[in-house]
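Mind docking these for me? Both chains are given alone in their own frames, and the hints should help you get the complex.
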Amino acid sequence: MGIENKTDCHVLVIGSGGAGIRAAVEAETFGETIIVSKTITGKGGCTVMAEGGFNAVLNEEDSIQTHFEDTMRGGAFLNDESLVETLAAEAPNRIRDLFSWGAVFDLAKDNTIAQRPFGGQRCARTCYAGDHTGHELVMTLLEKLRGSSVQIENEVTVLDLLYDGERVNGAITCDREGELGVITADAVILATGGAGQVYDTTTNSTAGTGDGYALGYKAGAQLIDMEQVQFHPTGAVTPYDSRGRLITEAVRGEGGILKNALGERFMTKYDPARMELSTRDVVARGIATEVLEGRGTPHGGVWLDVSHLPREHIETRLPIMLNQFLQFGVDIRNEPMEVAPTAHHFMGGIMITPDAKTTVPHLYAAGEVTGGVHGGNRLGGNALADTQVFGRRAGIAAGKTERTAKNVDKNQIKAAEEKLASYYNGSTKTADVRRSMKTTMWNNVGIYRNELDLRVAERDIRKLQNTPLKIDSPRELPDAVITENMLLVAQLVIEGALLRRESRGAHTRTDVKQTWTNETSPFGHTFFVKGKSGIEILEEKL
Amino acid sequence: MKVTISRFDPDTGEPPKFVEYEVSVKKAARVLNVLDAVRDTIDPGFAYRHCCRGGQCGSCAVRVNGEPVLACMQEAREGDIIEPLELPRIRDLVVDIAPIMAQIAWMNNGCDCSPVTQEEIEEIKPLRECIECYSCISSCPAISASDYKGPTIMRQEQRLNLDPRDKGDRILEAIDKGLFSCTTCHKCVEVCPKEIETPRKAIEKLRAEAAKRGLSLPAHKALASLIEKTGRSVERKEPTFLERVPDVIEPEGEIRATVGFFVGCMFNGRVIQPALDTMDLLRKNGVRVIIPKDQVCCSSPLIRTGLSGFVPELQKRNIDAFVNAGVDTVLTICAGCGSTLKNDYETPFRVVDITEFLCEIGFVAPAKVEGTYTYHDPCHLLRGQGISEQPRILLNSVAEKFVEMPARCCGAGGGVKSGQPEEAAKIGAVRAEMVKKTGADYIVTVCPFCEFHLNQVTGLPVKNIATLMMEGYRKQEK
Chain V
17 MGIENKTDCH VLVIGSGGAG IRAAVEAETF GETIIVSKTI TGKGGCTVMA EGGFNAVLNE
77 EDSIQTHFED TMRGGAFLND ESLVETLAAE APNRIRDLFS WGAVFDLAKD NTIAQRPFGG
137 QRCARTCYAG DHTGHELVMT LLEKLRGSSV QIENEVTVLD LLYDGERVNG AITCDREGEL
197 GVITADAVIL ATGGAGQVYD TTTNSTAGTG DGYALGYKAG AQLIDMEQVQ FHPTGAVTPY
257 DSRGRLITEA VRGEGGILKN ALGERFMTKY DPARMELSTR DVVARGIATE VLEGRGTPHG
317 GVWLDVSHLP REHIETRLPI MLNQFLQFGV DIRNEPMEVA PTAHHFMGGI MITPDAKTTV
377 PHLYAAGEVT GGVHGGNRLG GNALADTQVF GRRAGIAAGK TERTAKNVDK NQIKAAEEKL
437 ASYYNGSTKT ADVRRSMKTT MWNNVGIYRN ELDLRVAERD IRKLQNTPLK IDSPRELPDA
497 VITENMLLVA QLVIEGALLR RESRGAHTRT DVKQTWTNET SPFGHTFFVK GKSGIEILEE
557 KL
Chain Z
6 MKVTISRFDP DTGEPPKFVE YEVSVKKAAR VLNVLDAVRD TIDPGFAYRH CCRGGQCGSC
66 AVRVNGEPVL ACMQEAREGD IIEPLELPRI RDLVVDIAPI MAQIAWMNNG CDCSPVTQEE
126 IEEIKPLREC IECYSCISSC PAISASDYKG PTIMRQEQRL NLDPRDKGDR ILEAIDKGLF
186 SCTTCHKCVE VCPKEIETPR KAIEKLRAEA AKRGLSLPAH KALASLIEKT GRSVERKEPT
246 FLERVPDVIE PEGEIRATVG FFVGCMFNGR VIQPALDTMD LLRKNGVRVI IPKDQVCCSS
306 PLIRTGLSGF VPELQKRNID AFVNAGVDTV LTICAGCGST LKNDYETPFR VVDITEFLCE
366 IGFVAPAKVE GTYTYHDPCH LLRGQGISEQ PRILLNSVAE KFVEMPARCC GAGGGVKSGQ
426 PEEAAKIGAV RAEMVKKTGA DYIVTVCPFC EFHLNQVTGL PVKNIATLMM EGYRKQEK
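Protein sequence lines, in the order shown, are assigned to chains V and Z. The opening position of the first sequence corresponds to residue 17 in the numbering used here, with each subsequent residue numbered one higher. The opening position of the second sequence corresponds to residue 6 in the numbering used here, with each subsequent residue numbered one higher.
Chain Z extracted, bound-state conformation (with noise of 0.2 Å):
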């Protein structure tokens, strides 16, 4: 099997450079046995951890083709790049750990150790799984573009807090390790061997203690209280959507399926056009649409800050509209509505994202529109409802060329936008040269925030993907 591994040797002065090495292993062997082989068949030199063998150390954490892994679990196979984790470097896949195990807070227990029940222990267990290996802090996009301290820092405050033997004051802790720097992008959940829902489980839960403190960010603040007053987290400028368009939209020709339509607010009020646009792909194909008029905010903004106090008014107005409108599916266009109508919410209906409806309805093949588009994978549709192959299906059946780029947060989800604005910035930046590099003309996204931000940061123009699909079939029809 031949793998290229980066060695680095800081004796010698020389940066990282890429080894291929060809080694003979086993049938099912890990990456681990791969790299064995290369120790004690190649070069005995060769540095990188390895402990338990078994996935239980986290010791053995590198990057395979980009993702971190634990090298002990993972299948290696033929052209595999092995990568150090993004920590700084030792020595070949050896990097230094030390500074964020100094970080990792420890449990300030006083004497008097109060007990602790089986209810307590059932929500401290699924912080608990931890096994340090860093794969987290290592691909976090917002650690380096603020003082945020990373997932495992938070994970652990939030397993201390909810521990009633521990004394230490965890929310100001956590505030102080850059708990709203989070931009809820679950890209450590992803990489977590263990699968720890750091962001919902220990972020936004923390977030909450601190709202109930006060201690909430100024900004999301004022959002939570645009929310209460108006039922949407964006000011009314102009006509909004809802009120621009009739309660049922027909199709052209044959009914071929009927949707409930949840517009959220950023559509509703701000970047209004894709939505209208996406009534037009509708009609067009075939959808009958219906659109209750008393929907309101999703609460996403206030589920992922942690000012949750009025959220199950808004999950009941929204369930109760669409209930009323007697819809068995309900549409979204929004990946953190979507997101959130998915997993924060018990509908009596089904939500789909308009990317996997299209997909699974079968749509009208649009004519292909000219320039070089890159698509943009919203965190909330990627890892928040698994959606990457549908958003790339329409693309490539609408954009003359289409180049792909990896996924990677933008920097404006979890409130970050708002709150922390220069965060944001900066992980946007990151983005951009991403963007960049791909050489595309266009952006193609499904989410507005994204939407909004990566055309600020990158100065390009974004199209979101109905607004790019109502233009193939706009040109078909000339």
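Pulled out of the complex, with its shape left as it was, chain V reads as follows (with noise of 0.2 Å):
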């Protein structure tokens, strides 16, 4: 027994999207740094995928304390303050790095960085690439990542975090081939994303398991506000194996107007001010209410539309939506768009300190996978902010921790073995469950919840945690890992909504009447920590 191969580094970083890449690329600085990526570095993550932009103040009609006040009204004051503080007062700065790395972003006339303006904002406040902004982001971070030193893991997935009983102090990991493998290391930061996977209908990609919050969770670091999931109000509906596929907010940034299946522009009932560009949660409860009292469309969706606006502003400001509906027959200059509220961001996550400290020593954490900095719901052009800001912050933190000596604990790795071994005499297929699994959650943990539905998955998912997963060969035991991460942060999801008996930002309980608002909500975070879970409560609101 023991794993021959083995690896040490001063800060190992597990992720490779956004924050995951600007943390390898501080971290570097101080020693020797190894990224691990379950795909391919640069591919994996949703920051590729996100399309609208990087919310960053950078103009004179613009503050520092609007874009706090912003992004904590947006977030249903369940936010942690600092981290928001920190997230408005260094964004401009993350954008200036990477314009300073090559960043092809679009400029203003007088070539100051460009802005829009997107949802829940009172100012023009999303710098952005066309429609690609994320691929924008990527790419820059790539470019910075190739030129470093910093060594690249392609396709090998974490297995678990090493614990020596203070402190993580490394991986074991599992290659494309299925061989096992260690890394140590001074520090390690989770950068692996959200979870938006676990449901049937999501914008994010396959690598979007959530592995992050299992192997933090597994480690013993503390997560909060798992039930605080959103729910991105547009996604395509058709045809149906593309379902989910993120139509960006900026469609709606740009004048996409949205109607219900008898023309009426429905958002005047749910927020008549703000219309379309009001907060995710409330759009995507819009329209979920439209379709539920049966004023959908064919498909279950609203329709967007953007044809009223001139044809060229759409072929150049929205190119890659316009290219994504020509494919499946639709022409947006011309007809509107079929659309329902998907799966999209993890809102709560592992707990984090402004230095992206976790509550376990020397691990920290960056991106999608931590909790506290959208609060109960996130802001457009927020989450790529939050990668550039925290994951620099963690590569600095990681970085700074001390040397120590690395006793690999035998057992840890003896346990990986044999779970791993014992998949071979399993009895159902990873796939099989992973349906299951995203099915239950979308039809009982989706935007509008109630005990009844949430027991009916507590119990579903359960039942599949007990099922023995079965594989056939060595390459398939990433799979296996993944898919019991991913019932995991189910469990985390439901528990947390089960707990929080209010509804408040992206989530919402049908079944519970309350006399509070937001602000004065006598709830705080949810937490769970291996072996303890509950809900703060605050007395002095009570």
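Hints were generated in silico from the structure; no laboratory data involved. Fair warning: there could be bad hints in the mix.
Computed list of lysine to any residue pairs in SDA-like fashion (alpha-carbon distance at most 25 Å, straight line) [what the hints assert, rightly or not]:
(1) Z:K130 to V:P133
(2) V:K435 to Z:F51
(3) Z:K172 to V:D113
(4) V:K486 to Z:F51
(5) Z:K172 to V:T45
(6) Z:K210 to Z:V194
(7) Z:K130 to V:G163
(8) Z:K130 to V:A124
(9) Z:K31 to V:W458
(10) Z:K32 to V:W458
(11) Z:K32 to V:G312
(12) Z:K32 to V:G345
(13) Z:K480 to Z:A372
(14) Z:K130 to V:H329
(15) Z:K130 to V:R112
(16) V:K435 to Z:P49
As the structure is a prediction and not an experimental result, all values here were calculated from the model.
Laid out in structure tokens, this is it:
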């Protein structure tokens, strides 16, 4: 027993989206850094798919304070104030970093960075590169990464974090062929993104399986607000296999109009002041209600229309949207898009300090895997800023971690090996388990929730967790581990949803009547540590 | 739905094999949904890459029926044959992309970050959409025939070259990575999911900057000075086409159309007979042909090789020549000239290729000519002008037997034949093998460079389509 394949480094970064690469680039200046990616670095995360933009205060009409307030209000005041302050204060410098590294964002006529309005914000604050801002950001980061000494490990899945009793000191890995390995490190950064894939309909890439929540949780880290799952109001609904694909908020930012099947501009009912540019939770609930009450399109969505905009405007500002719909036989210059809500962003996650420290020594986290920055609802454009602000902070904090003797716990490795061996005797294919989980989550833990549905989901997920997964070859090992991670994430989302007996942010309980507003809610964060979970009660508000 | 997938397991020591699968998928499923179905319902060990499922990460590029596509965007069809990209294979549809990734240049930024302007960004943007799927590398005919690193590598060199924040010398780097090896066949554009115009927007631009610094290949410099001196890219040896024909050729019988004729350097000075055949062909079809004698080289060799200083003057001379002749349609019989006039000129007249023109006006049916014929699509006709059907209509009307072969660059274009003859020969050899497989006695094409080069590499007779049509007409008259 024991793993021969062992590497050592100063900082190990797990995850290769915007936050992971940013962290690695920063950590490298402190010592040998390895970035491991379950996919190909830069391709896996949701950053590369982000279409809309990057929020940063850059002009005089705007202010850091306004960005802070918009984010708090947007997040239903469930955000961690110190994290939001950090986000708003540092986003401008992070976009400047990107510029100095070669980012090709759109500029205004005077060659300053162009900005457009996004939902829930009082100023045009969202910087963009057409409708492929995330792609631009990742390309820029990849160029920076390729020019650095960071060791890039592609198609390597982390099975477990190594813990020596006091601190995290590395990870057990598995490569594409099923070979196990150990990477020891003075510090580990989790930047594994969100877990939209636990839902049947999602904008997330297939890599969005929430492994970091599970890795952190299993290593003893505290997670918060896992019930806060953002449903992006506008995902594709047809063709069937493409349902959930993101229709960027930029479509509404550029003037897109929502209508139900009766042709009514229904946002007048839900937010007459901000209409289509309301926050995502409000728009998503608006659409869901229209569909539930029978005013939906043939495929169970609503219409999103830009055909009143000049053709050239659509072609230059929304080229990806235009092309994507053309592939499905819809010319958005002449006809409306059919859209419905789709699981998008996990606002909850691993609790961090502004220095990206988790509750476990030598373990850091950044990006969507963390909780607290976005509270109960993330504003469009804040996620990319989040990846850069906290990615950099995680890189610095991890880089500054003291060097330690790395005693690998042999029992931990042995346990992992035995666990993996047991999969050969399992009974059920991972694909089947995942399908059941996704359906259960979508049907029972979606936009509108109630205790009964949540209990059904809780029972279903527990049943799936007790189903022995089966594999036939070592190459399927990562898949089995990832499936278990997803089930754990699903369980935490359900637990959080049961604990939070209020409607707040993206979490809407149809079975609870509440007398308080978001700002005066007596509830704080839900929290989850191995063996302990609950919800903070703020007594002064009772 | 039934599909065939190429499977490969290196552990077995066996070569790749095709396996047929039957899976059930929803309406309008993508190829990726089919792959998922195979993995989820038939073989969990089936290996393929995928990630964003929305055409933005480039992970899932595979070949479907021979052509690179993104599996997540391509609609699946009954009977699809799914193979990996033509790159070193790891397992099933997974290929080794690490060596390519290592070639992609990164920005070498100094600490004084020069500001960038929106104008500069607009220039860079079209080269920035790349999602690194490597479809272009998979299908580039020049890579295996030379040290050429490939389209996306050149794209990135020019992307960095355009950026004032970058401090590297991207021209020297590009030359080192094989800048002069691209045949400008545009296959990379055809397969690119983002339709990035690498030959025009990167390669020709980089070559132009290399030229300004005197770094062009000697053969290209020689060609450029010949054009500057004579207005032609081919040395005059015998009386040229333009010297042999009258200014106007009247048709037999009723005049159905009038065109100006653009002859091109090769047909004017080196392979004259096809041009003369074309005159007969047009006369036979009731077309009045006006031939301005002051026309010159279309400037394609200059634009493709980056020696473009003299180009505006040539363009002006050609446009003036045809405007003064009062024609509203100019006919070309050389794919390269046609593509250049259509894409690199702003002409006040319409430009048509002989094949599209004949199909448009309706041609007199010729008698069938004996022998087995195959057709070579000239890159500058197929991808430069989007013409593939019309030559086949003509061929089918005249050839006793016509056999298809897939389109592929012969290696002659983009200044490669003159500048890097060994590479042109290697690409040509691959093409020759494809020709051989068809069992054809003759190759037909619509480009004098292809014609000349294919004859060299295959040893088979290569006929211009006009010549073949005339054979049919002559047979009929007998």
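* Asked: Taking each numbered hint in turn, which are not upheld by the structure, reported in ascending numerical order?
  -> none
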